[in-house]
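Given chain S, work out where chain F should sit, using these hints.
These protein sequence lines are chains S and F, in that order.
Residues 19 to 686 (the numbering used here) are what the first sequence spells out, left to right.
Residues 5 to 207 (the numbering used here) are what the second sequence spells out, left to right.
It is worth saying that the hints were derived from the structure and are not from the lab.
Since this is a predicted model, take the numbers as computed values, not measurements.
There may be inaccurate statements among the hints.
[What the hints assert, rightly or not] In silico EDC-like pairs for lysine to aspartate or glutamate, Cα to Cα no more than 20 Å straight-line:
#1 F:Lys89 / S:Asp459
#2 F:Lys20 / S:Asp478
#3 F:Lys92 / S:Glu609
#4 F:Lys38 / S:Glu370
#5 S:Lys424 / S:Glu363
#6 S:Lys641 / S:Glu609
#7 F:Lys20 / S:Glu477
#8 S:Lys246 / S:Asp596
#9 S:Lys641 / F:Glu95
#10 S:Lys489 / F:Glu10
#11 S:Lys248 / S:Glu236
#12 S:Lys424 / S:Asp507
#13 F:Lys89 / S:Asp478
#14 F:Lys89 / S:Glu468
#15 S:Lys409 / F:Glu10
#16 F:Lys38 / S:Asp459
#17 F:Lys92 / S:Glu476
#18 F:Lys89 / S:Glu609
#19 F:Lys38 / S:Asp629
#20 S:Lys409 / F:Glu15
#21 F:Lys20 / S:Asp450
#22 F:Lys89 / S:Glu477
#23 F:Lys20 / S:Glu476
#24 F:Lys89 / S:Glu469
#25 F:Lys115 / F:Asp98
#26 S:Lys445 / F:Asp98
#27 S:Lys492 / F:Glu10
#28 S:Lys311 / S:Asp330
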Amino acid sequence: MSRIGVFVCHCGENIARMVDVTRVAEETAKLPGVAVSVDYRYMCSDPGQNMIKEAIREHKLDGVVVAACSPQMHEPTFRAAVVEGGLNPYLCEMANIREHCSWVHTDKELATQKAIDLVRIMVEKVGKNQELFPIKVPVTKRALVIGGGIAGIQAALDIASGGHEVVLVEREPSIGGNMARLSETFPTLDCSQCILTPRMVEVDRDPRITLYTYAEVEEVGGFVGNFKVKIRQKAKSVIADLCNGCGDCWNKCPQKKIPSEFDAGLGYRTAIYVPFPQAVPNTPVIDRERCTKFLKDKCGICEKVCTLNAIDYTMEDEIIEVEVGAIVVATGYDLFSVGKDQPNEQWTGYGEYNYDAYPDVIDGIQFERLLSASGPTQGEIRRPSDGKEPKSVVFIACVGSRDPEKGLEYCSKICCMYIAKHAMLYKHKVHDGQPYVFYMDIRAGGKNYEEFVRRAIEEDGVLYIRGRVSKIYKDGEQLVVVGADTLSDSQVQVRADLVVLATAIVPHRDAYELAQKIGFGCGSQGFFSEAHPKLRPVETNTAGIYLAGACQAPKDIPDAVAQAGAAASKVQLLFSSDELEREPIIASVNEATCVHCRNCIRVCPYSAITDKEIKDKKGNLIKMVAEVNEGLCLGCGACVAACPSKSIQLAGFNDEQVFAEITALGSG
Amino acid sequence: MRFTIESQQLESDLVKRVEEMIEQSPSICYQCGKCSAGCPVHYLMDIPPNVVIRLLQLGQIDRVLESRTIWVCSSCSTCSTRCPKEFKIAECMDALRELALATGKDTPSEKDIKLFHQVFMSNMRMFGKVHEASIAGVYKLKSRHFFADVGAGIKMFLKGKIKLFPHRIKGVKEIRAMFEAAGYGRKEKEEPSTEDKEQEKLI
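Isolated chain S, as found in the complex (with noise of 0.2 Å):
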């Protein structure tokens, strides 16, 4: 005969006001098996949880269940109280009498019988669990960051300074992301390039960092501190060891007419190109889809000028494997494309804005461009179809975003900052000429943001008009903008020599493709999701892959690296031991029963369960199993499900404990 302790929590009077506790601690103390049974105000308390170590040593329990909130809440707490008492922790149950019971009735008597209901299934099924010991698996010391922009820039250096090798994979010619497009950032107004290159440099030199550009992630196998990773290595065409990047070859090329990407199609560039003058590493790759060479066997300029036979047109694609520990998942973001060409079908354009048919209409990152130093005007504002300087230019804000009709309901946080250092700069350079700034809300949360934006209104002179855009028509040279003023109650009109739209932030083209082959999660809109909005922000649901940056939600540049340095010490922490301790709820395959009719392996969502041979002495192959990796096994029990001859179990949700919780439930 067991020996259970049952310790019913009040809760305060989150149980204890729908819960007769005392009645279910008095019922439940008659069940067979039960030593002993005890109510108390809080379990979780320090009283409480002595009440269970000293009710361990004095009544030789060898079972405790503690009816109070949901396992996902304290179960941590009460399985360590009981390790203190001397049991092993899995065989401490808890019955949810709060989340299942208390707070979801009304009828109290009816309630104080449920609880005794989930005390006893409770109970019979602490009877028939087993001690189990946590599983232990190796770590490898290196970490995988994918996305090479600030966030993944600050948590490969970070990580890379804890002693441990970084494997940083960029799918771009040069590492840099986004912000290496910006012109200056808010609120400091610091020159983007001039904080964010010396980082570049540094991964670049640091020797803990292998840093793959140009390269994307084809393949991720294993489970946490063991994936085995296939990263697909893009022909550069060009043998990185031998170019000195002279530029001899970029300046020669005949293509000059490519829209440079980095430029947001407002510059050009060669077929053999660098993306930006600073580019980490400097070594040029060749558009093998504009290249002549490749398209017509002709040309081959580049060749001759290489003084050091760097350029290699028989260069294939590589695939590189490498084991890794953890994975930071840094991919960024794209913005919402404003055209017809729309990379999700849920997503519309706005064709009323005419970005399509305009040139003088562009967004925000063209802007960016216009304003940097680095850009095509070398910071001169000048307008796309004429060259002339703009003495009227109307930025408006939630273009895409807050617009559920357009696909996209949620804020994008970082372009009412934006705008408004835009609309800054623009006077700072343009001193004759009136920004005006259509918006809906500013929201400007952030240190020193607020401040900013009054200084724009204030100090600059930024008219802002409360009010979203309606239309933007042609009128001669210039664009009339059609909007309203909710302020005072008024539609109005503003002629514009340029229209800057502030368009959403939307996660990569390629992320949901990204996380499917990673496996963790996806939010509705694409981006990634954490762990836990609030307690485990940069966690993924899948243990050792962790997220930096705009990924997971729209980020500004502090955020993007605050958050990359938390992944950095969570993949620290990961690295601090050699040895992870994993929970042992996992499934085992009973060999001599299994028929290997392959429906586990087919359920598994984790990818946990592959064939095994079972072979005689001499190496003949007797029979063809399941067999589940341990490592990969979250516990979720499908394959227990799915399995026709009952062959897998799960440890701690065994059939005979199972059978025993529904037993109980029926001789109730």
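Relative to the frame of chain S, chain F by itself:
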């Protein structure tokens, strides 16, 4: 309302005049609405006080000068006292009234208010303090509202609130000097105000 915002309007001379008079720019107002929330005569206004400031921000000063609001404002200064940005709204209203008179853009519908202001001021200049009976008399003659509020007047008279004869204070000269210093001296006016003459005649 529907209008086009022009950069010239934003820098209009009239708005600049207001800025000079109150030594503040309307751009500091962030449209929280606290002025309108506390205004005791808001219900009589055609444009709420915060919208008056908003229209100045948008360069639409003509609309403001033609409004009823600037005349309805009783200069109680509840708005200025409570404004979180310390914008001098009541002073701004005052400046707008002056500009309205100077530019002749004042609204015809509020003639009586304007008239009352003028009668009040000339009465002040004459006696150095207000004499209710003569104000009422001149106002009624000029506005031709002979029988309005007569009941209240009689009640006030019976309670001794209205003196029949005016009392001139000792420092009338100083008071007049103040008027002149503020640019409202009789000398500076192109035509000596007819109200003054009439008022003197009446008394």
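For each hint, the structure was consulted:
{"no.": "1", "hint": "F:Lys89 / S:Asp459", "verdict": "18 Å, holds"}
{"no.": "2", "hint": "F:Lys20 / S:Asp478", "verdict": "16 Å, holds"}
{"no.": "3", "hint": "F:Lys92 / S:Glu609", "verdict": "86 Å, violated"}
{"no.": "4", "hint": "F:Lys38 / S:Glu370", "verdict": "36 Å, violated"}
{"no.": "5", "hint": "S:Lys424 / S:Glu363", "verdict": "10 Å, holds"}
{"no.": "6", "hint": "S:Lys641 / S:Glu609", "verdict": "9 Å, holds"}
{"no.": "7", "hint": "F:Lys20 / S:Glu477", "verdict": "15 Å, holds"}
{"no.": "8", "hint": "S:Lys246 / S:Asp596", "verdict": "18 Å, holds"}
{"no.": "9", "hint": "S:Lys641 / F:Glu95", "verdict": "95 Å, violated"}
{"no.": "10", "hint": "S:Lys489 / F:Glu10", "verdict": "18 Å, holds"}
{"no.": "11", "hint": "S:Lys248 / S:Glu236", "verdict": "5 Å, holds"}
{"no.": "12", "hint": "S:Lys424 / S:Asp507", "verdict": "25 Å, violated"}
{"no.": "13", "hint": "F:Lys89 / S:Asp478", "verdict": "17 Å, holds"}
{"no.": "14", "hint": "F:Lys89 / S:Glu468", "verdict": "13 Å, holds"}
{"no.": "15", "hint": "S:Lys409 / F:Glu10", "verdict": "12 Å, holds"}
{"no.": "16", "hint": "F:Lys38 / S:Asp459", "verdict": "18 Å, holds"}
{"no.": "17", "hint": "F:Lys92 / S:Glu476", "verdict": "15 Å, holds"}
{"no.": "18", "hint": "F:Lys89 / S:Glu609", "verdict": "77 Å, violated"}
{"no.": "19", "hint": "F:Lys38 / S:Asp629", "verdict": "72 Å, violated"}
{"no.": "20", "hint": "S:Lys409 / F:Glu15", "verdict": "14 Å, holds"}
{"no.": "21", "hint": "F:Lys20 / S:Asp450", "verdict": "17 Å, holds"}
{"no.": "22", "hint": "F:Lys89 / S:Glu477", "verdict": "15 Å, holds"}
{"no.": "23", "hint": "F:Lys20 / S:Glu476", "verdict": "15 Å, holds"}
{"no.": "24", "hint": "F:Lys89 / S:Glu469", "verdict": "13 Å, holds"}
{"no.": "25", "hint": "F:Lys115 / F:Asp98", "verdict": "16 Å, holds"}
{"no.": "26", "hint": "S:Lys445 / F:Asp98", "verdict": "32 Å, violated"}
{"no.": "27", "hint": "S:Lys492 / F:Glu10", "verdict": "17 Å, holds"}
{"no.": "28", "hint": "S:Lys311 / S:Asp330", "verdict": "11 Å, holds"}
Of the hints listed earlier, those the structure fails to meet are numbers 3, 4, 9, 12, 18, 19, 26, in rising order.
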